[in-house]
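Protein chains in written order, with the UniProt record's numbering: chain A, 1 to 477; chain B, 1 to 477.
Where hints are given, some of them may not hold.
List of simulated lysine-lysine pairs, DSBU-like, C-alpha gap at most 30 Å [stated by the list, open to error]:
#, chain 1, residue 1, chain 2, residue 2
1, A, Lys301, B, Lys367
2, A, Lys203, A, Lys301
3, B, Lys249, A, Lys329
4, B, Lys88, B, Lys148
5, B, Lys44, A, Lys367
6, A, Lys148, A, Lys301
7, A, Lys371, B, Lys301
8, B, Lys383, B, Lys371
9, A, Lys249, B, Lys301
10, B, Lys329, A, Lys383
11, B, Lys329, A, Lys106
12, A, Lys371, B, Lys274
13, A, Lys71, A, Lys367
14, B, Lys355, B, Lys335
15, B, Lys383, A, Lys329
16, A, Lys390, A, Lys203
17, B, Lys383, A, Lys249
18, A, Lys182, A, Lys203
19, B, Lys453, B, Lys44
20, A, Lys149, A, Lys90
21, A, Lys249, B, Lys362
22, A, Lys367, B, Lys367
Keep in mind that the hints were calculated from the coordinates and are not lab data.
2 protein chains.
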Amino acid sequence: MAPQLEPFFQKVDDLSGSFIDRLRKAVAIPSISAQDENRPDVFKMGQFLASELEALGAEVEQRPLGKQPGKEHLDLPPVILARYGNDKNKRTILVYGHYDVQPALKEDGWATEPFDLTVDAQGRMFGRGSTDDKGPVLGWLNVIEAHKKAGVEFPVNLLCCFEGMEEYGSEGLEDLIQAEGKKFFKDADAVCISDNYWLGTEKPCLTYGLRGCNYYSISISGPAQDLHSGVFGGSAHEPMTDLVNVLSKLVDVQGNIMIPGLMDLVAPVTEEEKSLYGDISYSMENLHESLGSETSIHPTKERTLMARWRYPSLSIHGVEGAYSAPGAKTVIPAKVIGKFSIRTVPNMESEQVSKLVFDYIKAEFAKLNSKNTMNVWLQHDGKWWVSSPKHWNFTAASKAVTQVFGVEPDMTREGGSIPVTLSFEQATGKNVLLLPMGSSTDAAHSVNEKLDKRNYIEGTKLLGAYLHYVSEEPINA
Amino acid sequence: MAPQLEPFFQKVDDLSGSFIDRLRKAVAIPSISAQDENRPDVFKMGQFLASELEALGAEVEQRPLGKQPGKEHLDLPPVILARYGNDKNKRTILVYGHYDVQPALKEDGWATEPFDLTVDAQGRMFGRGSTDDKGPVLGWLNVIEAHKKAGVEFPVNLLCCFEGMEEYGSEGLEDLIQAEGKKFFKDADAVCISDNYWLGTEKPCLTYGLRGCNYYSISISGPAQDLHSGVFGGSAHEPMTDLVNVLSKLVDVQGNIMIPGLMDLVAPVTEEEKSLYGDISYSMENLHESLGSETSIHPTKERTLMARWRYPSLSIHGVEGAYSAPGAKTVIPAKVIGKFSIRTVPNMESEQVSKLVFDYIKAEFAKLNSKNTMNVWLQHDGKWWVSSPKHWNFTAASKAVTQVFGVEPDMTREGGSIPVTLSFEQATGKNVLLLPMGSSTDAAHSVNEKLDKRNYIEGTKLLGAYLHYVSEEPINA
Numbered sequence: 001m002a003p004q005l006e007p008f009f010q011k012v013d014d015l016s017g018s019f020i021d022r023l024r025k026a027v028a029i030p031s032i033s034a035q036d037e038n039r040p041d042v043f044k045m046g047q048f049l050a051s052e053l054e055a056l057g058a059e060v061e062q063r064p065l066g067k068q069p070g071k072e073h074l075d076l077p078p079v080i081l082a083r084y085g086n087d088k089n090k091r092t093i094l095v096y097g098h099y100d101v102q103p104a105l106k107e108d109g110w111a112t113e114p115f116d117l118t119v120d121a122q123g124r125m126f127g128r129g130s131t132d133d134k135g136p137v138l139g140w141l142n143v144i145e146a147h148k149k150a151g152v153e154f155p156v157n158l159l160c161c162f163e164g165m166e167e168y169g170s171e172g173l174e175d176l177i178q179a180e181g182k183k184f185f186k187d188a189d190a191v192c193i194s195d196n197y198w199l200g201t202e203k204p205c206l207t208y209g210l211r212g213c214n215y216y217s218i219s220i221s222g223p224a225q226d227l228h229s230g231v232f233g234g235s236a237h238e239p240m241t242d243l244v245n246v247l248s249k250l251v252d253v254q255g256n257i258m259i260p261g262l263m264d265l266v267a268p269v270t271e272e273e274k275s276l277y278g279d280i281s282y283s284m285e286n287l288h289e290s291l292g293s294e295t296s297i298h299p300t301k302e303r304t305l306m307a308r309w310r311y312p313s314l315s316i317h318g319v320e321g322a323y324s325a326p327g328a329k330t331v332i333p334a335k336v337i338g339k340f341s342i343r344t345v346p347n348m349e350s351e352q353v354s355k356l357v358f359d360y361i362k363a364e365f366a367k368l369n370s371k372n373t374m375n376v377w378l379q380h381d382g383k384w385w386v387s388s389p390k391h392w393n394f395t396a397a398s399k400a401v402t403q404v405f406g407v408e409p410d411m412t413r414e415g416g417s418i419p420v421t422l423s424f425e426q427a428t429g430k431n432v433l434l435l436p437m438g439s440s441t442d443a444a445h446s447v448n449e450k451l452d453k454r455n456y457i458e459g460t461k462l463l464g465a466y467l468h469y470v471s472e473e474p475i476n477a
Numbered sequence: 001m002a003p004q005l006e007p008f009f010q011k012v013d014d015l016s017g018s019f020i021d022r023l024r025k026a027v028a029i030p031s032i033s034a035q036d037e038n039r040p041d042v043f044k045m046g047q048f049l050a051s052e053l054e055a056l057g058a059e060v061e062q063r064p065l066g067k068q069p070g071k072e073h074l075d076l077p078p079v080i081l082a083r084y085g086n087d088k089n090k091r092t093i094l095v096y097g098h099y100d101v102q103p104a105l106k107e108d109g110w111a112t113e114p115f116d117l118t119v120d121a122q123g124r125m126f127g128r129g130s131t132d133d134k135g136p137v138l139g140w141l142n143v144i145e146a147h148k149k150a151g152v153e154f155p156v157n158l159l160c161c162f163e164g165m166e167e168y169g170s171e172g173l174e175d176l177i178q179a180e181g182k183k184f185f186k187d188a189d190a191v192c193i194s195d196n197y198w199l200g201t202e203k204p205c206l207t208y209g210l211r212g213c214n215y216y217s218i219s220i221s222g223p224a225q226d227l228h229s230g231v232f233g234g235s236a237h238e239p240m241t242d243l244v245n246v247l248s249k250l251v252d253v254q255g256n257i258m259i260p261g262l263m264d265l266v267a268p269v270t271e272e273e274k275s276l277y278g279d280i281s282y283s284m285e286n287l288h289e290s291l292g293s294e295t296s297i298h299p300t301k302e303r304t305l306m307a308r309w310r311y312p313s314l315s316i317h318g319v320e321g322a323y324s325a326p327g328a329k330t331v332i333p334a335k336v337i338g339k340f341s342i343r344t345v346p347n348m349e350s351e352q353v354s355k356l357v358f359d360y361i362k363a364e365f366a367k368l369n370s371k372n373t374m375n376v377w378l379q380h381d382g383k384w385w386v387s388s389p390k391h392w393n394f395t396a397a398s399k400a401v402t403q404v405f406g407v408e409p410d411m412t413r414e415g416g417s418i419p420v421t422l423s424f425e426q427a428t429g430k431n432v433l434l435l436p437m438g439s440s441t442d443a444a445h446s447v448n449e450k451l452d453k454r455n456y457i458e459g460t461k462l463l464g465a466y467l468h469y470v471s472e473e474p475i476n477a
C-alpha cells in the first residue's frame, strides 16, 4: 500500500455524510444548459463549484465564454478553471468534468423529484446529474477536503477544468482548450476525465479508446413541390423511391458495411489486443438487458465488444422531408434527405472515408437511371481516439483500482465519442485517461438517473488513490 | 341546337355580374371545415346556400349530422338537401358539391386577401373556394335563376346534396348517402358531380374513372427503446436498416411495382380504350409544367396518361419513428413504420391486393434473417371507380360541351380518388358523371386559388345545357 492512503481512506469514510450533502446541494441546482430559462441556474452551479473550491484553498477563475452563438441574448456559463497546489517538485494532473445537466421533469416518469437527491435502502442516490457529471466533479473536491482534514500531503498539483455547456455541445470549450494548452494547462503532465461509465455494475474499468463519427446526408430531389400520389403516381420519378434504394445499399442486416474499400482502412487486430477481450466482465445477457430485446447480431461477448469498440458501424438515422407523422398521407415528397453515420476506428481518416462514401453513393445512384438529382455531403465528423493502456497514467490508475476495489480494472473502449478527450490530448500533447466513477445502470440522460453511494464514496477514494499512484509512477511503465 | 338554350344562354350573360357577386358573397364566408374556430362560418355558409335556394323556389332541408366524432364539442355542419321541381314527367338529376373550403392565410403567400374575391384583368377570380367548390355549387343556383328570369322551363327535377365537411374527410356523409339512397335520392335517374378539373386550360373534359387507393404500413421493431448509435452500432439489428431493405423491394425507379402477381390483376387495355388517348389535349410539356421539373418516367403523353389513370402505381410516403428533423442526431430508432400506398385500378380487388402485398413483404423480410419483428397491415382502402363514357348521362354531357364550347370534350380519368362518387353510385344504383367546371391551373388547396370568369360563366351555361340534353337523351345511347 502506498503511504498516506489509509488515513485518507478513513477520512473519506468519516466525511461520507457531508460528501453526500455536497452532492445533494449540487443536484438541487437545476443547471440545465439546453433550456434558456435555466441559464441562471447554470451560472449558480458554476458559482457553487467556485465557492467550494476557494473554500478548500484552490485558486479559482470563472472564465467567461461570451454570448451563446445563435442565442445572443444568453451568456454562456463560465468555465471554472482552478489550481490546487503549485509545487515544482510534484506532477501536475489536469482533470475535466462538467457541471451542467440534461433536462428532467418528474412527469417524464421519475419515481422521485429529479432535483431532490433521494437515497434508497440499497444506497442508490437518485437525482439529475448525480452520475453525469456532478458526482465525479465533486469527487475531486472531496479528495482535496479529505486530504486536508486527514492532514495528508496532497500528492500532485491539481488543475481543474469544469464546463457548464457539455450537454449542449460544449459551446465555446474547444477554443478555450486550444488557447490554454500552452497557458493554464501548460504544466499538466497527464489528463484524467471522469465522465463515462463502467461496462457493468461490479467491476471498474479504465477507458483507452473511443470511436469517431462521420455523419452524412443524401438529398434526392425531383419535382418543384410535393405531389399528390393519385395524380402523379406512376408518371414521375419519386425521390423517396430512389432514396430507399440508395440507403439499402449501405449496410446489410448483419451490420456489414457494403461500401467497397472501407473495411480496408481498419487497422488489423493484433494478438495482444485480442487477448484483452476475454477477461472483460461482460456477457450477452448484459447486452440483451440494455437492448431490452435479444436482437443482437453476434453470438459472443468478444465479437460484440469488438463490433462496438474497434470496428466501424453504419446506422441509418432517418429521413427528412418525407411524411413522418402518425396516420396516412398520400404525398409524394419533392425532396428527401436521408441521414446516416459511420462510427470510425483506427486507421480510418475522415477524408478517405468520405471519398469512398461519395464515390460509392454516386455510382449506386447512377445505376438507378433516375432523372432526379442526388447530392451527398458530410454533415460533421469527429475523429476516433485510442490511447495506450500501458502508459504510466493508466498503470497508475490500474493500481489505484486494485487498491480500492481489490480487482484489476477492465481495459475498455467506448463505441461513442467524447470529443473533449481528443481536444485535451491535442492541446496538451499529454496522455488522457478516462476514469469512470458511475456504473452501467446509472441511466445518465434518462429518467431516474442515479449514482450508487458505493460508486461515489469508493470512487472518491479511487480518484485520490489515483493521484497518489500517478504522482510516483515510473515514466517508463 | 336544343330548344330553349339561346334565351337561357343570353340570360346567363346578362346576369354574369350578379353571378360573380353571388360567388363574392360565398367566398367572403371563411367556411374552413378543418379549423374549429371557423365552424360557425361553415354553418353560415350552409345557411347562405339554403336561403339562396329557398329564394329561388327550391324546397330546402338542412340535415343535421350530429356531433363531430373525436371532437364532440363541435356540431357537424348540415348537409343541404334541396329539391327544385317535382314533375313526374321529367327526369330527376341529383347533383353533389361541397360548401366548405381549405384553410387560407394571406401570409401563406397569397397575392390578394384569400376571402375577398379579386378579379384581375385576365378575368381570373382569385379567392379561397372559388373553384373548389363554391363556383361549381353556385353554378347550379345560377342555372335555376337564369331559367326563371329567362322564362325558360326547367328541363328536369333537380336534387341537390351539398355538404360542409368535404375538406375534412366528409365526416358523416357516407351514412347519409346510404340512408337516403332509397329515400331523398330515390327519384334520381342520374348523378352529376362538379368537383374536379379539366386536364388542361382550354378543353373541357368528362371524367369516367378514378383510381382507388390501398394504404399500407410496415412496422419493424427491435430494441425496447431508441439506442445510441455509438454504443450499440454494429452489435444489434437496426430496424431502420431492415425497413429500407424491405421498402427498396416494392417498386423500381421506373415505377414498376415489384410485388409478384399484382400486375396480373390489372384489366387488359382494349383497343377501344387505347383509341381514347391519342386525341386527349395533353402534352409532356403540360406534365413538366405541373411537376416543375422534367423528371417524368414515360416518353409519351399516351403512356403518361395510362400510367396515371389506368395502371396501378406505388408510392413510398415516409417513415414514422425515425429521425426526421433537420440537423444531425445519432439515434438508432427502436421502432420505425414505413408508409406506402398502391393506387388501384380495375380489376384489382382490395383483398387480393393485400394478400399479395402481405405475402411478398413477409417473404422479403424473412430473407433478411433479422431478429427484429415485422408487421404489415392495411391502414385504409378505397375502391377504384370506372363508368362507361357511352352511358346517356355522358353522351348528354358531351353534347352540352360541344354546344357551349364548340369542341368535343376529352374523356378522362383521374389518378386520385373522389370517394363520394362510388358512394352515390352504390346508394342510387345510377350512373355518375364527373363534370368539371374549373381548369388545371386553378390551384385548388394551394395559395392563389382561382376560377376563371370564362369557366364560371360558360360553366354555368354548360351545367344548364347538360340538364337540357340529359332530359331528352335516349336511354339506349
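Here is how each hint holds up against the structure:
{"no.": "1", "hint": "Lys301(A) - Lys367(B)", "in the structure": "26 Å, holds"}
{"no.": "2", "hint": "Lys203(A) - Lys301(A)", "in the structure": "16 Å, holds"}
{"no.": "3", "hint": "Lys249(B) - Lys329(A)", "in the structure": "21 Å, holds"}
{"no.": "4", "hint": "Lys88(B) - Lys148(B)", "in the structure": "20 Å, holds"}
{"no.": "5", "hint": "Lys44(B) - Lys367(A)", "in the structure": "57 Å, violated"}
{"no.": "6", "hint": "Lys148(A) - Lys301(A)", "in the structure": "44 Å, violated"}
{"no.": "7", "hint": "Lys371(A) - Lys301(B)", "in the structure": "18 Å, holds"}
{"no.": "8", "hint": "Lys383(B) - Lys371(B)", "in the structure": "36 Å, violated"}
{"no.": "9", "hint": "Lys249(A) - Lys301(B)", "in the structure": "34 Å, violated"}
{"no.": "10", "hint": "Lys329(B) - Lys383(A)", "in the structure": "17 Å, holds"}
{"no.": "11", "hint": "Lys329(B) - Lys106(A)", "in the structure": "25 Å, holds"}
{"no.": "12", "hint": "Lys371(A) - Lys274(B)", "in the structure": "27 Å, holds"}
{"no.": "13", "hint": "Lys71(A) - Lys367(A)", "in the structure": "44 Å, violated"}
{"no.": "14", "hint": "Lys355(B) - Lys335(B)", "in the structure": "24 Å, holds"}
{"no.": "15", "hint": "Lys383(B) - Lys329(A)", "in the structure": "17 Å, holds"}
{"no.": "16", "hint": "Lys390(A) - Lys203(A)", "in the structure": "19 Å, holds"}
{"no.": "17", "hint": "Lys383(B) - Lys249(A)", "in the structure": "35 Å, violated"}
{"no.": "18", "hint": "Lys182(A) - Lys203(A)", "in the structure": "36 Å, violated"}
{"no.": "19", "hint": "Lys453(B) - Lys44(B)", "in the structure": "25 Å, holds"}
{"no.": "20", "hint": "Lys149(A) - Lys90(A)", "in the structure": "21 Å, holds"}
{"no.": "21", "hint": "Lys249(A) - Lys362(B)", "in the structure": "20 Å, holds"}
{"no.": "22", "hint": "Lys367(A) - Lys367(B)", "in the structure": "24 Å, holds"}
In the structure shown, a violation is registered for the earlier hints numbered 5, 6, 8, 9, 13, 17, 18, in ascending order.
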